[in-house]
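**Q** Next come the chains, spelled out residue by residue.
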Amino acid sequence: EDQVTQSPEALRLQEGESSSLNCSYTVSGLRGLFWYRQDPGKGPEFLFTLYSAGEEKEKERLKATLTKKESFLHITAPKPEDSATYLCAVRRAQGGSEKLVFGKGMKLTVNP
Amino acid sequence: DAGVIQSPRHEVTEMGQEVTLRCKPISGHNSLFWYRQTMMRGLELLIYFNNNVPIDDSGMPEDRFSAKMPNASFSTLKIQPSEPRDSAVYFCASSYGTGGLRYLMNTEAFFGQGTRLTVV
Chain A
1 EDQVTQSPEA LRLQEGESSS LNCSYTVSGL RGLFWYRQDP GKGPEFLFTL YSAGEEKEKE
61 RLKATLTKKE SFLHITAPKP EDSATYLCAV RRAQGGSEKL VFGKGMKLTV NP
Chain B
1001 DAGVIQSPRH EVTEMGQEVT LRCKPISGHN SLFWYRQTMM RGLELLIYFN NNVPIDDSGM
1061 PEDRFSAKMP NASFSTLKIQ PSEPRDSAVY FCASSYGTGG LRYLMNTEAF FGQGTRLTVV
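Line order of the protein sequences matches chains A and B.
First residue of the first sequence: 1, per my numbering; consecutive thereafter.
First residue of the second sequence: 1001, per my numbering; consecutive thereafter.
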C-alpha cells in the first residue's frame, strides 16, 4: 500500500532559523513527487515536482531534494510569510492511469 | 487565467438534503480532480476525469456521491442525501494530461479555493 509520511507534523521556527521538512514515501512506479504549500482557507499551491533521485529544485528560500525513499524541503532563513502547511504528494502509475497520494502535511510557523 | 473556480465557497445544509458543488477548471486543462480534505484523513482523491471521461472513481465513498463533467469547462460533485460525516473541505483541481488512456500522465495540478461543506 502506498504511504506518504511527513515529519514533523508541526514546526515552529524563529525568523532566520533554517530547517528541513521530511517526506518519506513507499510507492511502486513513482511518477513524480510534488510539494505544495497551503495557506489557511485556501487551496494547495504548487511548489515543485521532482522525478528522480538526486534531483533538486529551488525557489526563493525553498529547496527540494529527492532520494529513493524520501524528499526534503529545506527552508533557508525563513520569514514569517513562509508560515503555511506544506504538503508532499507522490504520483504513481495505476493501470494505464496514475494517482496522486498526499501526506497529511506539516504546519510551519515562523515567528518574527 | 482566473485559475480553478469553485462555487459555493461555503455551504451549510441539513442532513438529508442534496448538495451540489461546482467547478470550472483552467482553460486548456483536460484533467479534473475532486478531492476532500479533513483533519483526520488529509487530502483524499474522490474522482478524476480526463477529457470529460471518469478515469478513476475508486475514492468516491459511496453511492450517495456522484460526479459529472458534461463539458471541458464544468464539473459537479453531488451528495444526495448528505450526512454530517460528509462535512469537509472539497477541492477541485485541474491539470493537462497526455498519453491517452493507456499511459496517461498529467502535469502538476492546480487547485481551486475549495468549498467548505457543513452538514448539520
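Derived from the structure by calculation, the hints contain no laboratory data.
Here the structure is a predicted model, which means the values were calculated and not measured.
Using N, Cα and C, we set each Cβ at its ideal position, and we do this for glycine too.
One thing to keep in mind: the hints can contain errors.
[Said to hold, decoys possible] So the derived label-pair ranges between C-beta atoms look like this:
#1 Ala1072/B to Ser52/A: 30 to 40 angstroms
#2 Gly1016/B to Ser19/A: 41 to 51 angstroms
#3 Ser52/A to Val1012/B: 44 to 54 angstroms
**Q** Hint compliance check: list the failing hint numbers for this structure, sorted ascending.
**A** none
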